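Q: So you can see what is in the structure, the chains are spelled out below.
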Amino acid sequence: METLEVKKETVAKQTQTINGSQAVLEAFVSEGVDTIFGYPGGAIMPIYDALYDYHDKLKHILVRHEQGGIHAGQGYARASGRVGVVFGTSGPGATNLVTGLADAMIDSTPLVCITGQVFAHLLGTDAFQEIDVINITTPVTKWNYQVTDANEIPAVLAKAFYIARTGRPGPVLIDITKNAQLQLFEYEGYTPCTHIRSYRPKPIVRKEFVAEAAELINKAEKPFVIFGQGVILGKAEKEFKAFIEKAGLPAAWTVMGLSALDSDHPLNVGMLGMHGNYGPNVLTNECDVLIAIGMRFDDRVTGRLDKYAKQAKVIHLDIDPSEIDKNVKATVGVWGDCKETLPLLTKLVEEKQHIAWVNKFNEYMAEEVKEVIHEELNPTDDILTMGEVIRNLNELTNGNAIIVTDVGQHQMVACRYAKFNQSKSNITSGGLGTMGFGLPAAIGAKFGAPDRQVITIIGDGGFQMTLQELGTIMQNEVDVKILILNNQFLGMVRQWQQLFMDKRYSFVDIASPDYVTLAKAYGIEGQRVNQREILHDALSTMLHHKGSYLLEVMVGKENNVFPMVPQGCSVSEIRLK
Amino acid sequence: MNKQEFTITVYTENHIGLLVRIATMFSRRKINIESLNTSPSEEEGIHRFTIVINEFEEVVRKLARQIEKQVEVLKAYYNTNDEIVWQELALYKVSTDEIAEKVQVERLLREHGARAVVIRKDYTVFETSGHREETDKLVEVLAPYGLIEFVRSARVAIIKASHGFHEKLREFEEAMPGEEQIENEFLNKQEGIFTM
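Protein chains in written order, with this note's numbering: chain P, 1 to 577; chain D, 1 to 196.
Pulled out of the complex, with its shape left as it was, chain D reads as follows:
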């Protein structure tokens, strides 16, 4: 097995300091974080980390367990790219004169599904969203026309096979988990999506 891109989804309590606690799990093992996003989740008060790394599956599995072990982490999942739907948002600042004058630029932008967010006399900001290759491509084609500024967000991802966190959270909130709850499900190798 080679290194490949994995997306780790972590459901956590919203606590100061937890970002560091999770980040050190990676830095301690000298693993570079390609992208990291924190956001609210489908559950009020529950935070969702989306972390992208390039690693061996075995490393990622162990890492996910270490993350899930942290007191304020409810659950950690990890998925390969074909198990998720994901997007990244990118912003591009270009000179308004350039695009006004050159029809070519306008066509390029349209081809790449870019949308103008701000138009000013001196510059225009476009946005696109998509996979990295897509947003990268536009950087490449805009370069000859003087791309002033470029920024891309972290990946956000939805797990295809997930039923959301509502059920899980209810189980976690019970003082004693019910019999039907397969708590150490990571031992259950039949699980469709990778999970602990």
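Only chain P is shown next, with the shape it has when bound in the complex:
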């Protein structure tokens, strides 16, 4: 017994002298990181120096701009369900990450970002490339921390990964001063973090509230489920499906929840919100029990709050307690991971079918098809529509591809019409609406899900914001298909100017370079299409092309996205034209 104890002691005390940079990379290896997106610079050079020896364990993708790096990290995280890892240097390297951090924060994407920082003794001296990155990033990170001593690195990184991926996920930024990266210390190995006393990612599920929710659902005549990304983040797609199928509940999704439920599932009644489907919006104000799962009642989903689902009892399932009652008062709040709460709820709900009620959604859909969708997907005039491009794409992908969109009209059209038959397939900037997100996020998505077809759909505005990442695609031979829907306008802003500002088109007329030639300069094959006859074949060529490909489709200049809930209106005031 005694000898055993002694042996244990010696094992535990075995240490190794390494520097802080190596400790960072050891942490990555232990956490199962396989890809890092980054850009080097003075203050992060020791880490890059250490990385030189880790090339067999850690893949590093050199991006063309730190914003591209962090969006790639987001795309990776969203496609894989793992933590995205990003490197940037101090000063401008760090400030260039801010947009991505904000995007990841609002869309709950798990990231660990490492920024280099000037030597600790230079902090606060306005040293070259010194910026107070901790204070700049505080409102846009779930957690951030500055390391000035290498001894802290293993524990801090363990905490970073734990915080990023647990509970409601989010971005974490660790700023490491150059001296800590260089400092040699006695490394005792890496211990993953499993508990932080001030942080409770997994709340205890209160069974009595689950029971109350079940009772409301069982009594409901017109129950309606609205779900968001929480279902995907909780990896609870199966549990969700079992729940709605047992109780026969029609379910509509937010943009972030898209792809959690197969597009052709009979209970999938479509999209919520400003450019969502007719039925889900109108019937939100007719249902008697509204069951919100892993969604946060964003204003783009609710429209005017004081006219939102006032008639309904609201059940809200969320892992984040601050979301319950934040925008919409819940009759019953069920705090917890929906992976846990949904099966409990499923057990208590009665097997039912609400045929007449579900049919009502179908009736509204029929009207929407007649008024909007049919013409959008099968236009009769010469002008190509975004909708018909997506329809043709669906016919070729059968819903198997990952679709990464940018922000704007094309994003809404893609969300409305793209078909999905597996989860984690719709990657878009939902909460922040970051133009320029699409191209870099698609690069990350390909590394996160290398076996899947990745298509990024981008507008001519958004593409011009981060097109430098074509260089990343070229150098790393990333197989992403780039589909530019070019309407020669900043279309969404133009649509609002047309509808609400007397057609005063103020600075929305945006010129484009020759994208096909541009792609060629990067060694990427491409084609421009402006005729319907060749659209399908062009899409097929793109999808079957070995390696990356750019397809530019010239679509109608002044087409609008409908239906639409105008800002300040109730969801039931949704316009079909």
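Treat the hints as calculated values from the structure; they're not laboratory data.
Note that the coordinates shown come from a computational prediction; the quantities given were computed from them, not determined experimentally.
For every residue, glycine included, the Cβ atom is placed at its ideal position computed from N, Cα and C.
Check the hints yourself; a few may be wrong.
[Stated by the list, open to error] Quick list of simulated restraints, FRET-style, between CB atoms:
| hint | chain 1 | residue 1 | chain 2 | residue 2 | range |
| --- | --- | --- | --- | --- | --- |
| 1 | D | I16 | P | H195 | 17 to 27 Å |
| 2 | P | P450 | D | H15 | 49 to 59 Å |
| 3 | D | A161 | P | D502 | 27 to 37 Å |
| 4 | P | E186 | D | N81 | 47 to 57 Å |
Start from chain P and add chain D according to the hints.
A: Okay, now just chain D, sitting in the frame of chain P:
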């Protein structure tokens, strides 16, 4: 419901940067902080923020939840003034000649429970503690006699119904919370004091 004074008590880890993280919760929502105090708490290593704001209860409730969501925050409570016992400390610098010569001043100081902290030839520093109206009152009455300097501390407050943080901290320290711990107690509307 009107806006009223609320005292938010936040138990936190003692970390650099946490003050900013908490302060931005208010500034982001354009809420003015009337008073903010950070101090040790009854638990070693646990910090206690006492923040006073003037707001609607609903706003304060949401704010407290956002604060509690921060990784290094253990717990956030909010209370109305009748749920707490509170004090603020004030210091007053007056000319020693003035008070030596005028009996009136000495009487005023005594009436307001002021205590001399420093007496020098040229000036004397008094302190009082109490609610804002009390410390303000003394400023008012001293003004005609040449108040040289005045400063008041942030509010510190004790929650009447609180049993302290010892029990809570033990629960937080356990890797897995026990069954008896009502973790999402904010959902429990019967709670005597407002808490999440």
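Q: Determine for every hint whether it applies to the structure shown.
A: Evaluated hints:
1. The beta-carbon spacing between I16(D) and H195(P), approximately 22 Å, falls within the hinted interval of 17 to 27 Å.
2. The beta-carbon spacing between P450(P) and H15(D), approximately 39 Å, falls outside the hinted interval of 49 to 59 Å.
3. Checked against the hint of 27 to 37 Å, the C-beta distance between A161(D) and D502(P) comes to roughly 59 Å, which is inconsistent with it.
4. Separated by about 53 Å at the C-beta atoms, E186(P) and N81(D) satisfy the suggested range of 47 to 57 Å.
The structure shown violates the earlier hints numbered 2, 3.
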